[in-house]
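Visitor: Those protein sequences? They're chains A and B, same order as listed.
Just so you know, we're using our numbering here: the first sequence kicks off at 1 and counts up by one.
Just so you know, we're using our numbering here: the second sequence kicks off at 1 and counts up by one.
One or more of the hints may lead you astray.
Claimed, not checked - Derived list of chain B stretches under chain A, where covered just means 3 residues or more per stretch with a C-beta under 8 angstroms from a C-beta of chain A: (1) 33-44; (2) 66-79; (3) 84-95; (4) 247-256; (5) 279-290.
Claimed, not checked - Non-contacting residues of chain B with respect to chain A, defined by C-beta distances greater than 10 angstroms in every case (computed): (6) M26; (7) T30; (8) L128; (9) P143; (10) W161; (11) V164; (12) V225; (13) H230; (14) V237; (15) G244; (16) V294; (17) T305.
Simulated from the structure, these hints should not be mistaken for lab results.
These numbers come from a predicted model, not from an experiment.
The C-beta atom is built at its ideal place from N, Cα and C for all residues, glycine as well.
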Amino acid sequence: MSAITEEAVDSASIAAASTKRKSLWLVAIRNPNVIIGGVILLTMLLIAILAPFLGTVDPQRIDPAARNKKPGTEITYRLDDGTTMKRVAIMGTDSLGRDVYSRVLYGARVSLAVGVAVSVISVAIGMVIGLVSGYIRWADGIIMRIMDGLMAIPGILLAIALVSIWRAGLITVVFAIVVPDVPRVVRLVRSIVLTVREEPYVEGAISVGTPTWILMFRHILPNTVAPLIVQGTFLAAAAILTEAALSFLGIGIPPEIPSWGNIMAEGRTLFRVFPHNILYPGIFLALTVLAINIMGDGLRDTLDPKMSKKV
Amino acid sequence: MLDFIARRLIAIIPVLAVVAVFVFLMLRLTPGDPAAVIAGDNATSDQIADIRTKLGLDEPIWTQFAIWIGNVLQGNFGESFFFKKTVAELIAQRVEPTLALAICTLLFAVSVSVPIGVMAAYRQGSLLDRAVMGFSVLGFSVPGFVIGYCLIYVFAIELGWLPVQGYVRIGVNFWQFLERMVLPSLTLSVGFIALISRITRASVLEVLNEDYIRTARAKGLSNRVVLMRHALRNAAVPILTVIGLGIAILIGGAVVTESVFGLPGLGRLTVEAVLSRDFPTIQTVILLFSVVYVVINLLIDISYTLFDPRIRY
């Protein structure tokens, strides 16, 4: 008799837990920080996708007649069919006569792509390594020593080192930023796995003979999802900054691709006279990263309250 | 205590070994003949052959590693063909600006961020607290080079108070040296202040709820004494930890800041070396920065006992 009631209580609590999990996501998307950050980010995403339709011209188009124009200058474009077109360069032009407004808008594509790609790839790789490290004891020692070693190299330097090995390009830059991020994800996942594997329900699953891989993916992995989403947003923000820094230093994405870092790198030499080349991409960059960080704070407060107490 | 220091010293050996293996492999992972990569584009075949024998490139990779690590441990970091100097000389020349920048930044950032963090915690929820928290999110989000250029624009170009760029050695003219350190240190401080003030606030907040704080207040100690002696001292361990971890941000930031302000330091050297594919220099700089980072964090670990007598090793 008592066994039956216990079971009833159990299933009730399980049901409650599963609704609780759903409602947690609802709470998260109602958090003011998540909303503010999300709206700004969504706007940036729309700008990136709709860049060709927002009054831009070809961001790589070089126009010697329109070099170094201040914001607001009217420029006459000579089109390929021989006709001319007047257009106001609201953010001015750079030293090759390229339109800064168009470059900044197209630059949103590169930055957002780098941010998303880096966080998704490093979370995916870090999750697998972290699971293995936390669950398979003999692998743990070796993996964690390698991770400690990688973390001993300051992140941006490691990225610079990798770029110097692989030579610049969008994909190499993404992987150069992923490598320093992976150990951070591994540590997070491993610490969660180490606590969860001692839980009674995991021991229960082991005792009924659940295969290791089902155990890992069905019983252990779901615990890592919320903290990883939080970690992933912060990684995306940092990745966008790192890409901009690498490109700004001239060792990131090739200069012909309009990324915010590249636009600023190009504007360095004439900064004293034409600060707009650094100002506008700088504002977009800071705003995007700020939006992701604000959203990350909100997600952390709602999804991962334990972590929010720590910082 | 000595036992603890010895154990910590042993613990950093595997970490540094991984770093060394990575730095060694860097050159082997680049496409092409390592000797030709080191010698640069204008090398003669004699020079390449010479490097080949020096590095033992015809030997198996284990021997190559042994030769390389043996050289490194003796302070022989090879020769930079691009700069036409030994790497050790090159680094010795470039250390001063980076060290000066790091020290100025650390002093400034810590002396600003710890007090504002403590005040924010003391007046939790106040305007000041929200301002500090808001600033810290902003400080994480605005890239260093944008801050640097904004400061240059305002203080050097518009107001003309400070020089735009450049560096004067500390021994040549101290005043000019200081003038040229202000803007770079401010730039580099922003991210650091954001980080430390946030963690100071969090750890002081936690301590303020402790019983001994209430006791200290109850026996009539002034707020200042309670905050500084009782709260801050007990909150010091996490703050120190974050300062140590923040050294990585400082090093990364130095690379960017030195480029913005034209400081001829190690950060600028790193970028120049990558642009000219000068591998011996890149390898040495990465090794050096990593060792510095690891050693500083080791020292911080050891210093915990000074701040928190409960920690015994």
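Visitor: Could you run down the list of hints and mark each one as holding or not?
Guide: Hints and how they fare:
1. 33-44: Check failed, 0 qualifying residues.
2. 66-79: It is violated, with 0 qualifying residues against the three required.
3. 84-95: violated (count 0)
4. 247-256: holds (count 7)
5. 279-290: Result for this restraint: holds, n = 6.
6. M26: violated (6 angstroms)
7. T30: violated (5 angstroms)
8. L128: Label holds. Min Cβ-Cβ 19 angstroms, cutoff 10 angstroms.
9. P143: violated (5 angstroms)
10. W161: holds (15 angstroms)
11. V164: violated (7 angstroms)
12. V225: Holds, since 27 angstroms exceeds 10 angstroms.
13. H230: holds (21 angstroms)
14. V237: holds (13 angstroms)
15. G244: Holds: least Cβ distance 12 angstroms, greater than 10 angstroms.
16. V294: violated (5 angstroms)
17. T305: holds (23 angstroms)
Hint check: violations occur at hints 1, 2, 3, 6, 7, 9, 11 and 16; the rest are consistent with the structure.
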